[in-house]
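Engineer: Letter by letter, the chains look like this.
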Amino acid sequence: MVGSLWQSCLHRLEGELSEQQFNTWIRPLHAVEEGDALHLLAPNRFVLDWVREHFYRQITEAVSGQTPGRTARVLLEIGSTQRQTPAARPPSGPRFQAGAEVVRSSYLSPQFVFDSFVEGKSNQLARAASQQVADNPGRAYNPLFIYGGVGLGKTHLMQAVGNQMLLANPAARVVYLHSERFVGDMIKALQHNTINEFKRFYRSVDALLIDDIQFFAGKERSQEEFFHTFNALLESQQQVIVTCDRYPKEVKGLEERLKSRFGWGLTVAIEPPELETRVAILISKAQQFQVELPNEVAFFIAKRIRSNVRELEGALRRVVANARFVGCPITLDLAKEALRDLISLQDKLVSIDNIQKTVAEYYKIRVSDLLSKRRSRSIARPRQLAMALAKELTNHSLPEIGDRFGGRDHTTVLHACRKIRELSEHDERIQEDYQNLYRTLSR
Amino acid sequence: MRQLALDIGLRPHASLAGFVPGPNGAVREALAGLAAGTLEGPVRLWGEAGTGKTHLLQAACRAAHEAGRRCGYLPLAPPRDFGPGVLEGLEQLDLVCIDDLDAVAGEREWEVALLDLYHRLLETGGRLAASGRARPDAGGGLPDLASRLAAGLVYGLRALDDGDKLRVVRGRAEACGLVLAPGAADYLLARCQRDLGSLCAVVDRLDAAALAARRRVTVPFIRSVLADVRGPTDIPPSAADDA
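Residue numbers (numbering that gives the first Met the number 0), protein chains in the order written: chain A, 0 to 442; chain B, 0 to 242.
Do not rely on the hints blindly, as some may be mistaken.
[Claimed, not checked] Just so you have them, the derived chain B footprint on chain A, three or more residues with Cβ under 8 Å: (1) 13-22; (2) 179-185; (3) 224-234; (4) 255-268.
These are computed hints drawn from the structure, not numbers from a lab.
Beta carbons: idealized from backbone N, C-alpha and C, even for Gly.
Modelling step: build the complete structure from the supplied sequences, incorporating the hints.
Structural biologist: Written as structure tokens, this is what we have:
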């Protein structure tokens with residue numbers, strides 16, 4: 000019932016509002032009908048206020064239009080109903096609640112286990128340390144501080160420890176969270192006057208895994224709270240694992256006493272993986288995705304994407320998605336095509352200036368010749384070629400292209416494009432020149 | 000020479016089916032999967048203005064909604080009337096589409112809030128699609144966020160060729176109920192800024208002008224409408240300077 004009423008209203012509102020307004024402010028609303036009231040649930044205060052201020056009249060008119068003969072009340076509220084999606088992961092650990100609101104859940108990804116972590120020179124110390132911590136939580140190294148650049152596997156190792164602890168003891172209270180969430184939860188607890196429960200909760204867990212501690216920088220109140228939590232956990236031999244994008248001493252805006260405490264246990268680095276490890280990671284990921292990845296493709300990707308594991312994974316996902324899209328097995332050619340924009344060196348926009356410069360260099364003439372009135376074949380032909388390339392590789396209008404070539408008319412550009420197309424069909428030299436220049440400019 | 004101003008107001012609804020894919024077929028497929036919830040994502044789009052990023056994100060929203068899934072679209076390009084607080088609670092949605100991501104590059108508060116939203120969506124199983132002009136690895140934004148998005152499907156949208164652009168112009172006109180006289184679409188492609196946003200804006204302008212003037216959209220009519228926008232213009236006879 001509510002579905003059809005609100006759906007009909009949506010249909011009307013979609014016709015009245017711009018697509019952007021509709022998608023931004025109206026689509027996120029969730030409708031619940033109760034008696035003669037239609038409750039519209041907004042995801043947050045801002046959306047609620049915006050909708051109330053800008054669209055309330057249209058919404059009520061749309062609802063009235065759909066309910067002739069009765070008065071339907073439209074109530075705007077903040078809230079949500081339970082989502083019916085199987086994709087939502089159940090929390091693997093305990094929850095902290097601030098008032099009626101669920102604030103903290105512990106979500107460990109089941110994929111992040113030691114078996115799926117590919118070891119190489121760059122990460123073997125961090126892996127060995129994490130394994131020891133997982134085998135002897137609270138005793139081996141406490142705290143364990145893992146640092147390194149983004150996307151190198153810090154979160155994976157940290158969660159692998161948590162998952163192994165849960166495997167050994169399903170009742171263990173393992174809490175994983177990003178440091179930004181710790182800050183957010185603490186603020187909510189302060190707002191809801193439940194800071195004591197917050198403290199009690201975090202000081203009672205068996206393992207606290209805090210990711211990306213660098214986000215604590217400059218947040219003194221959060222640091223203080225974390226400091227006390229940290230001390231309490233360490234005193235009672237409960238495990239603390241912290242990750243950071245740099246060595247603790249190098250984090251600006253972090254209190255000295257906290258930096259010092261991080262040094263009490265073991266601090267290990269993760270470096271970017273070397274080629275062999277990158278290849279092994281790709282093959283391991285391909286097995287997870289249940290696809291066959293030829294070695295030459297793994298090497299092709301690994302040689303080009305060196306920075307971090309997340310980008311490797313993204314590249315592989317892209318190749319797999321393209322293979323599924325075209326319905327072909329993964330080959331080197333398919334990988335090259337799928338990753339063309341990702342690995343091409345063309346990170347600059349093709350501009351008319353660049354085209355003129357490249358064409359002039361190619362034909363060993365000056366850019367000023369291209370812009371001049373000279374009509375000799377040795378100048379006019381490169382000029383026509385450059386115009387044709389400008390039409391092909393840029394979004395400039397033809398009058399604009401003509402303008403940039405010495406104030407020529409757009410019909411001159413059209414003529415040049417036609418001429419080059421015709422010549423390319425019969426003149427191999429022109430065809431080759433065009434292709435060489437096109438390749439140079441678009442790679 | 001003055002270019003036509005973009006004036007995008009009410010537009011025909013973006014849909015994945017109405018997207019002319021050209022070389023970007025896999026992108027459409029990925030967004031359809033994301034909208035249906037069959038693909039985990041995230042999906043990150045990048046490309047110049049007018050390559051269809053906004054259309055695709057809005058179309059993904061529409062597809063998600065039609066599949067009974069809750070979704071929202073948030074453009075971050077200025078002017079922006081909201082702060083990062085607008086991201087609160089969005090993890091309740093099945094699909095969140097963030098447009099113009101690089102508009103907040105370097106704005107720490109926004110970037111951290113987006114990173115937090117990413118984590119919350121990961122926990123609730125919500126999907127994320129985001130777009131920006133710059134390559135994701137070009138730097139300038141929060142590396143933690145860029146890196147997480149890089150683990151999903153990253154697509155650089157490639158420009159359409161002229162044939163596909165003509166299809167876009169004709170499709171847009173058809174969606175407006177506008178009948179283009181023979182040669183009109185080719186004329187637009189030869190005379191106007193040729194990115195998709197500009198071409199669609201011209202079609203919308205012609206739609207309004209044709210409605211007001213009750214005229215068919217012929218080449219002379221287009222010429223008069225364009226002249227209103229950028230002053231008198233004439234098309235001289237061919238003045239090719241072929242050697």
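Engineer: What hints, given by number in increasing order, does this structure fail?
Structural biologist: 3, 4
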